[in-house]
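**Q** Sequence:
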Amino acid sequence: MTKWSEIAKQLPGRIGDQVKERWVNNLNPETKRGTWSLEEIDILHQAQAKYGNKWSMISKLLPGRSENSVKNRWYNGKVSERRARRKMLEGEADFRGEGSLIEGPELPEQKHEVCFKEEMNSPCVKENIFEPEPF
Numbered sequence: 001m002t003k004w005s006e007i008a009k010q011l012p013g014r015i016g017d018q019v020k021e022r023w024v025n026n027l028n029p030e031t032k033r034g035t036w037s038l039e040e041i042d043i044l045h046q047a048q049a050k051y052g053n054k055w056s057m058i059s060k061l062l063p064g065r066s067e068n069s070v071k072n073r074w075y076n077g078k079v080s081e082r083r084a085r086r087k088m089l090e091g092e093a094d095f096r097g098e099g100s101l102i103e104g105p106e107l108p109e110q111k112h113e114v115c116f117k118e119e120m121n122s123p124c125v126k127e128n129i130f131e132p133e134p135f
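Numbering (full-length UniProt numbering), first residue to last: 1 to 135.
It should be emphasised that the hints constitute simulated quantities derived from the structure, not laboratory data.
Only true hints are included.
Below, in silico cross-link-like pairs of lysine-lysine (DSS-like), each with a Cα-Cα straight-line distance of 25 Å or less:
| # | residue 1 | residue 2 |
| --- | --- | --- |
| 1 | LYS20 | LYS71 |
| 2 | LYS78 | LYS32 |
| 3 | LYS78 | LYS54 |
| 4 | LYS60 | LYS71 |
| 5 | LYS50 | LYS60 |
| 6 | LYS3 | LYS32 |
With beta-carbon atoms standing in for the labels, derived distance ranges:
| # | residue 1 | residue 2 | range |
| --- | --- | --- | --- |
| 7 | GLN10 | GLY91 | 56 to 66 Å |
| 8 | LYS32 | LEU89 | 29 to 39 Å |
| 9 | LEU11 | ASN68 | 13 to 23 Å |
| 10 | ILE7 | TYR51 | 28 to 38 Å |
| 11 | VAL24 | GLY91 | 36 to 46 Å |
All values reported here derive from a predicted model rather than from experimental measurement.
Just so you know, even glycine gets a beta-carbon here, dropped at the ideal spot from N, CA and C.
All chains, full assembly: derive it from the sequences and hints.
**A** Below you can see the structure in the form of C-alpha cells.
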C-alpha cells in the first residue's frame, strides 16, 4: 500500500491527497489517455444509469480509466450532446444527410455485456446493455 503522505514529505507544499491525485490522473503509465472507444462509452452510459455519479465504482468497469477521466468524459459528452441537439433543432445540422455531424457509414447498434458487482467479492451479474436513445 502506497503511503502518499510519506511521499508528500519529499515534495514541499504538497499533501498526500494531492500527490495521489497527480499520480492517478496524470503520471500512472497504466492510465489510458486519448479517445474513448464506442464500447467504453456504452459501458459508461449504462453504468451511470445504474449507479448514478459514483465515478469510483464506474471506473472499475473501465480498466485504465481514472475516476476523474470517467467523470470528465461523462460531463463533456453531455455538453457535446446538448450542443449537437441545439444545432439540430436550429436547423444548422443534418445528422443523416450531407454535411452530417456523423461522418462515414452508419454503424450498427451494438449491445455490450457488462459485469456489475454489488460488492467487491460478490459474484458477477451480467447484463446485456445499451441501446442508444433517439434524439
